[in-house]
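Start from the sequences and build out the full structure, keeping to the hints where you can.
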Amino acid sequence: ADYQVALLSQRIKHLTDHLGSHRKDFSSRRGLLTLVARRRKLLDFLEKDNEERYQKIVAGLGLRR
Numbered sequence: 320a321d322y323q324v325a326l327l328s329q330r331i332k333h334l335t336d337h338l339g340s341h342r343k344d345f346s347s348r349r350g351l352l353t354l355v356a357r358r359r360k361l362l363d364f365l366e367k368d369n370e371e372r373y374q375k376i377v378a379g380l381g382l383r384r
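Following my numbering, the numbering of the sequence shown begins with 320 at its first residue and continues without gaps.
Check the hints yourself; a few may be wrong.
[As the list claims (entries may be wrong)] With a straight-line cut-off of 27 Å between C-alpha atoms, the simulated DSSO-like cross-links for lysine-lysine are:
#1 Lys-332 x Lys-360
#2 Lys-332 x Lys-375
#3 Lys-367 x Lys-332
#4 Lys-343 x Lys-367
#5 Lys-343 x Lys-332
The set of hints was computed from the structure by calculation and includes no laboratory data.
Here it is in structure tokens:
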């Protein structure tokens with residue numbers, strides 16, 4: 320799950336940058352929301368499963384939580 324969260328974070332960052340210059344790209348915006356929801360679910364699972372690893376990942380990726 321750690322690697323999946325990191326990969327999703329990278330894709331989310333890329334899409335966020337893309338949407339900064341293409342404000343009307345609504346299909347990409349929808350994809351971004353899907354990725355964010357998927358990452359949220361993985362992080363929720365990780366928080367329940369292993370609190371220590373969860374804290375390390377959130378700190379390492381610089382996520383607000």
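To see whether the hints hold, each was checked on the structure:
no. : hint              : result
1   : Lys-332 x Lys-360 : 18 Å, holds
2   : Lys-332 x Lys-375 : 19 Å, holds
3   : Lys-367 x Lys-332 : 25 Å, holds
4   : Lys-343 x Lys-367 : 37 Å, violated
5   : Lys-343 x Lys-332 : 18 Å, holds
Violated hint: 4 only; the structure is consistent with all others.
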